[in-house]
Structure formats: C-alpha cells, structure tokens
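Protein chains in written order, with the working numbering: chain U, 819 to 1252; chain W, -6 to 68; chain A, 8 to 318.
It should be emphasised that the hints constitute simulated quantities derived from the structure, not laboratory data. As the structure is a prediction and not an experimental result, all values here were calculated from the model. Fair warning: there could be bad hints in the mix.
[Unchecked claim] Partial chain U-side listing against chain W, Cβ under 8 Å, derived: (1) Q862; (2) D864; (3) I883; (4) E1035; (5) K1036; (6) N1039; (7) Q1040; (8) L1048; (9) T1052; (10) Y1108; (11) R1143; (12) L1146; (13) R1149.
[What the hints assert, rightly or not] Have a look at the derived ranges for each label pair, beta carbon to beta carbon: (14) P860/U - E194/A: 21 to 31 Å; (15) A1140/U - A302/A: 51 to 61 Å; (16) D34/A - L830/U: 29 to 39 Å.
For each residue, glycine too, the CB sits at the ideal point set by N, CA and C.
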Amino acid sequence: MQLKRPVSQLHLGLMAASCALLSSTARAQTADANQPPQIDQPLQIDADLLYYKENAGRVQTIEPIVSLKKDFGDQRVLDGTFTLDSLSGATPNGAIPAHQPQTFASPSSSSLTPKPGAKTTLYTIAPGDLPQDPHFKERRVAGDLDWSQPLGLDNTLSYGGHLSTEHDFDSVAAHAGLSHDFNEKNTTLSAGVSEEYDRIHAHGGNPVPGSDYALYEKEPNQTKTVAGGLIGVTQVLSRNWLTELNYTYDRSQGYLTDPYRILSVVDATGLVASYRYENRPDTRARQSLYWVNKVALGSTVLDLSYRRGKDSWDVGSDTVDARLRIDLGHRVYLEPHARWYRQSAADFYSLYLSETGPAPVFMSADPRLAAFSATTFGAKLGMTAGRNGEFSLRLEQYQQRPTEQSSSLTALQGLNLNPNLKATIVQLSYHLEY
Amino acid sequence: MRIRTVNCIAILLGVLVIGGCSTLGVKPWQREILARPQMALNAEPIDAAIDDHIYFSKEAASGGRSFGGGGCGCN
Amino acid sequence: MRPARAAVDAAWRPPHAPEFEVLAREDGIIAVYFTAMASPCELLLEATDVHAAGQLGSAAAQEAWRIETKFSRYRPESIVSVINRSQGSAVAVDLETAALIDYAARCHSLSQGRFDITSGVLRRCWKFDGSDRVPNPDAVAALLPLIGFEKVLWQAPLITLPAGMEIDFGGIGKEYAVDRVLALVAEQFAGAVLVNFGGDLATNRAPAAGPWQVGVERPDTEGQARLLLELRRGGLATSGDTHRFLLRDGVRYSHILDVRTGWPVPAVPRSVTVAAGSCVEAGILATFAMLQGSAAESFLIEQGVQHWCLR
Chain U
819 MQLKRPVSQL HLGLMAASCA LLSSTARAQT ADANQPPQID QPLQIDADLL
869 YYKENAGRVQ TIEPIVSLKK DFGDQRVLDG TFTLDSLSGA TPNGAIPAHQ
919 PQTFASPSSS SLTPKPGAKT TLYTIAPGDL PQDPHFKERR VAGDLDWSQP
969 LGLDNTLSYG GHLSTEHDFD SVAAHAGLSH DFNEKNTTLS AGVSEEYDRI
1019 HAHGGNPVPG SDYALYEKEP NQTKTVAGGL IGVTQVLSRN WLTELNYTYD
1069 RSQGYLTDPY RILSVVDATG LVASYRYENR PDTRARQSLY WVNKVALGST
1119 VLDLSYRRGK DSWDVGSDTV DARLRIDLGH RVYLEPHARW YRQSAADFYS
1169 LYLSETGPAP VFMSADPRLA AFSATTFGAK LGMTAGRNGE FSLRLEQYQQ
1219 RPTEQSSSLT ALQGLNLNPN LKATIVQLSY HLEY
Chain W
-6 MRIRTVNCIA ILLGVLVIGG CSTLGVKPWQ REILARPQMA LNAEPIDAAI
44 DDHIYFSKEA ASGGRSFGGG GCGCN
Chain A
8 MRPARAAVDA AWRPPHAPEF EVLAREDGII AVYFTAMASP CELLLEATDV
58 HAAGQLGSAA AQEAWRIETK FSRYRPESIV SVINRSQGSA VAVDLETAAL
108 IDYAARCHSL SQGRFDITSG VLRRCWKFDG SDRVPNPDAV AALLPLIGFE
158 KVLWQAPLIT LPAGMEIDFG GIGKEYAVDR VLALVAEQFA GAVLVNFGGD
208 LATNRAPAAG PWQVGVERPD TEGQARLLLE LRRGGLATSG DTHRFLLRDG
258 VRYSHILDVR TGWPVPAVPR SVTVAAGSCV EAGILATFAM LQGSAAESFL
308 IEQGVQHWCL R
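Here chain U stands alone, though its shape is the one from the complex (with noise of 0.2 Å):
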C-alpha cells in the first residue's frame, strides 16, 4: 500500500550505523571463533540438614543429606544422593498404659529375665505412660544413583538404584521408567516399574509372629520384597496451568511384621494378663491415585494435590497438600506449606487383644495402622546467597490424632491408650550450582 520513494538522507543515515555496528561485531565474531559456544554444563550440589524430634521424649532424628546432579548435556542427567540418618529415643512398643508398672526387655535382649552370661536390658514403665523403649537408637546409611536420558525426540528413559543399611535392616532397589512426550510436549505419559528386595535381622533376633511375649521365641532372618508400577500422565492445561495424575501399584511379600513391635493382651476388667508378638499377613497390595497441580499466580506458585490411598490390608487414606511460593523480592520468598491426612485403620489393628475373645491370626497395635488424622503446618524461608547459591530454612508442625484413644474396661479407665503425636521438622539447605 506504500508509495515507492528513493531512500531518504536519514534512511541512509541509518542504514550505514546498522551495517558499522553489524560488521564491526562481525569481526569480533571471528575473534571469538575459537571459542566454541558450548552448553551449561552444570553441577548441582545440594546440602541439607533434617533434624526431627517428637514431643514427649520420643524420636528424634538428625539426617544430614548431600545429592549431586551432573548434566551431561543433551539432558543427560546423573542425580546421586547419600544420606546418613541418626536416630535415637523412644519409641511406643505397641502396649497399652497401665495403671500398674509394666517392665519389658530391649529387643536385643536374649532373655526376658536376667540370667547369668546373658545380656538383658529391662526397663520399666511407670503407671499410666505409655510403654516405650528408651534404648533405641538406629543409624542408616542409603545412597542413591539415578540416570535420565533422552531416547529419540520424544521419550525419556530413566532409570536408578537404591541401596541402604542398618543395624537390622538391608534394603536393595531398582527402578526404571520411561515417559513420552507429544501433543508439542504439552502431554506426557509415563511408566515405570520397580523393585524393592529387603532383609530383616531384627535386634536379637526376629520373634516369631504372633507368640506369647513371655516365650521369647526368635527366627532367623526374614526377607521381604516390593514390585511396583507406575502410570501416569503429565498435562500443560495452560500457560500457568501445568497437571499430573499417577496411578501407583505396589505389592510387597514376605515379612512385613514389625520385630519390635508387641500387644497387651487384657482380661474382662481391663487387666494386663500377657502380651504377644504382632502378626501381619504376608501380602499387601496397594494402590494410590496422585493428582498434582502446578498453578502460576503471577509471580507466586501454587502445589496443590490430592492422593487417595488404598490396600488390601484395608487401610484407606486422603492427602492434601498445598504450598505456596511466594516471592519477596528478587532475592527472597517465603513457602507456606499446609497438609492434611487421614487413614482409616488396618482390618487387623486394634489397641490391644483380649483374653477372653478368640484369638486372631492377625494382629497389631502399631499406631500407624490405627485410624488417625494428622496435619502439618510450616513454612519454608529461602534467599539467594552469591551468584548461583540457595540457602533456605523449613520449619514445620506435624500433628498426628488417633480416633480411638480410650476404652470403657474398668482396668483402662482415665488412660490415653494412643496418645497423640507431635513431631517439629526444621531442615537447612543450601543448594549451589557450577
């Protein structure tokens, strides 16, 4: 729709200063050509510290954590993580208070009563506590190596390891994955499978599920193992808009009884008569479905998501978790975090066995099998300390409340038989980058 002048004087004019400025950087271009451009080609290093301590004298623990990330360029990724764990305090052995004193052994206990030769360690626990060993202290070594690559244009191929050890506990594992990308990437389907072999050498050996406490009975070592699989699919719904849904499968095999773990057992009135080694059947296959939400608020994040439970050991459970990463200013932001769980209790828990009852095959007081709510509330502070350094701070609240805390056996009134549990987690990082 223009007319066609000539150029004008101050067209020329700017048509002489672009072409300076684009040939004189053309020469510093060859200048440079002897300095290939080359990709990042950065190291991550993550460093935190997790200490966790319960209310009431229970656990606490002390893990330091060290994971290094390598990019290899064309998005190969090497991911490693070592963690050590130290833990010490006490913690429930699974019966009830009493208005009475109870004295119980330390799993590495060879006998229930002081013999000569043998080394038992007993503690006693006084009216109304609830029974906990004050001796346990666990440390955990576990490392971690996971690689990712792409596999043509639109599939990544990731697969790791993990290994760890305790004093009572080995565990070995593998996984693999691959994931697809299409829709211009705005989609992408994943899949994985793993596999989890661990052994279980308890402290003095494992008891003999389901046996009388008194007895003493131990096994040899137990193995236990884990196959899972996962699906699921990952969705850009908008700009600010990114979703996942994962379905996860897992069925574990073997000794899944907690060693350490025992059952009042009650008469009619509520009274101690004896106590049993736990049961727990040897299979158990669950199921969970995770939805996942990434929402941009301008420049505030929101982690939303949702994951329903499910197993066949009838444990049903809801979690929500919500984080918001709010930006302070260019350097720092702050990360409100609140959860809220539930789960209903295992169809072989219950606070404690009775005498008069028949005897069940299965069996368990563990308080995490009982039904219960728990939140957590906390926040986390992190600012960029130099050019390519993170250092942040997460304190948080977690709060756990069984539904079924009391009895109306004469022997067990005014006792908290499942009191509620308090934990604080503070965890510093610090995260750098080469």
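Position chains W and A against the provided structure of chain U, taking the given hints into account.
For chains W and A alone, coordinates are given in the frame of chain U:
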C-alpha cells in the same frame, strides 16, 4: 470393592485427560511461565524425598508422587 | 534504544533451566525454541538433521544469552551496570560495547536528540502498567537534568557518564542479538535460517519451498489485525505499546517518551512494523517512526521503507 472404585476413577480421569489433551496446551513460545524452575513438578526434590521419608515412617500410606518410598526399616 | 520503553527486558528468564526445545516440523523446517531477553525465541532451519539443528540451536541460544548477560541493565555484572555505577568516572569498554555505543551515538544525532539511550531514568517516575498513575510534573522535570546523550563523554574506548545518569540498550539489544545470531548460524549452516526473538526477526534467505510466512501479532486488536507477511530476506521489527501505557481522563499516555520534556509523545501509533535489510535497521526505523507521533506514517513513507502502521 473399594479398590475397584479407585481403579475406575483412575481410568476415568486418564481417559478425560488424554481425550482432552489434543486441544489443551500451549505453543512452544508460550512456555515462559511453565519454564520457571519453581513450576517444575519436582521443583524441590530433596524436600519431597524428606517428606516422603517422614510420612512413610509415620503413616500407613506412602508414595503417589513416584514409587512408594521404602528402603527403610522404619516401617 | 527506544526512548524509555519501560520494562522491555524486565520480565523473567529462567536462570537455572532455560527452556530449550527442538521440534522437527511437518513442513521440512526444524524449529528450535528457547527463552532469552524475556522473549520466546525461535530459530527456524531448513534442515533435516535434528541433531545438527540442535547443535546450531544451542549455539544460537548461547549467543543470545551471552548478549543478554553482557548488556542487561538488570544484571549487576553486566557492562551496562558497570557503566551505570561508575559515578562520573571513565569506564573502558570492549569493542562490541563500543560498537553499540557508537551506534547509539549516531542514532542520537540522526534523530536530532530524540533517540537517547540515557532516557531510561524516566522510568523512575513513569510506570506504564495500564493504570492512571500519571506522575507529578515536578518529579518528571527533576529528572530532565539526568537525561541527554550530549552530556555523555564518549571517546572510544572510554565512556564517562555524569553521576546519576544511566544508559541502557533495551531497545537496540534484542534486534542486535537477532542479527548476530543469524550471522552466527548462517556462518555454519548452508540452508535458509530465520531468527525470531519475540517478533523481531531476520532471515538470510527463503527456503526452497517458498518465502517464510511470518505472522506478526498486533497488540490490543482482538486478534483480527494479525499481520501475515511473506519474507524472503532481511529483518522485520515491531515497535508497539502493548499493555505499556497509562490511561487517565480518557487520555492514553504512551510509553514512548519525549526526552526533551520527559512526557509521552502525543498520538503515537499502537504499533509500527518495518521491514528492512537487517533487524537492527528495521528496529531503529520503527522506533524513529513512533517518536514522530502523529507523523509516523508520513515519516515512514518518506524513508521509502515497507511498513505496517496500526493506530
């Protein structure tokens, strides 16, 4: 029975998401927000691993995000 | 530098994981996408070897990021930040920076002082966020002594900026990066190449199948004014005030500021797109046209350039 319900929900949601995906999404040059590191699904992998580990040792359910935790005698 | 174009490169760029994608398209073009200078960037190659295209793409992205890192006023380590922090002392610059300052100086004189890389300080009182917050005239007047390239002592390789003054290459930088990346890629690749950084683009030649079809987004026009062009060679640049204006009492205040008054140039077009021999040249012509306000169209006709003006 309830396990089957979970299965059905999974399949239904899967079909919805895959069916809808051909019309969903953004062009490569509209990804400036999605490309922000904090928009990555595993933006904080260490935090996630720590949480998975803590809740694995204190609750009956685990995993979901990826494989179900484990490798620990704590549960 | 387009006068006081607020926040043209202010938006966010992924610091740790710059997005980078290679896509083999059905039309025989391999596209490489990445983000630089707060813009979605695109490199189109008439090629079939995806691996080689990816290598060229990474070199292109690397070059764009290099230019951004070197010249962004938001980065404390950039040469621009060093100059702006110099507080009246002389700063020695390298050849590439000198070439850009030379260019800015010539544009300043060719525009009779209307184009000025020191006008950025006006951003302190002008925030073009679509609101009605028009600044206090006294505040604007107080900044005028800090503006004027004629106050800068430029004797290559030494630049001396009076204390309190600032420069930036916000508007030149992206066009410069487009031409430079094109030169870099064309040096190593025989086929047709098109470099597009957020709508400012340049190509060495058309693919064998025919000219490049270029769609230019025209801001604020409900989409129907999307311009479809055929480009065979050269550069294309758009200057516009998408979302960058103030609206008060029915008056639209454009982000194109007159450095002599510190106030917006009246009757600025919504967008001006110019085709020229290079992206740098197209960009400066579009900017000059915007500075003409109501005379933008006649200015462009006078220059004898292909242009598309939207009011």
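For each hint, the structure was consulted:
1. Q862: With Cβ-Cβ at 10 Å, over 8 Å, it is violated.
2. D864: Hint holds; D864/U Cβ to chain W Cβ min 5 Å, cut 8 Å.
3. I883: holds (6 Å)
4. E1035: violated (21 Å)
5. K1036: violated (17 Å)
6. N1039: Check failed: Cβ of N1039/U comes no nearer than 13 Å to chain W, outside 8 Å.
7. Q1040: Given a least distance of 12 Å, the restraint on Q1040/U is violated.
8. L1048: holds (6 Å)
9. T1052: Cβ of T1052/U sits 7 Å from chain W, so the hint holds.
10. Y1108: Holds: closest Cβ of chain W sits about 3 Å from Y1108/U, inside 8 Å.
11. R1143: holds (5 Å)
12. L1146: Where the cut-off is 8 Å and the nearest Cβ of chain W is about 13 Å from L1146/U, the hint is violated.
13. R1149: violated (14 Å)
14. P860/U - E194/A: 21 to 31 Å: This hint holds: roughly 27 Å between Cβ atoms.
15. A1140/U - A302/A: 51 to 61 Å: At 55 Å between Cβs, range holds.
16. D34/A - L830/U: 29 to 39 Å: holds (38 Å)
The structure fails to meet hints 1, 4, 5, 6, 7, 12 and 13 from the earlier list, while all remaining hints are met.
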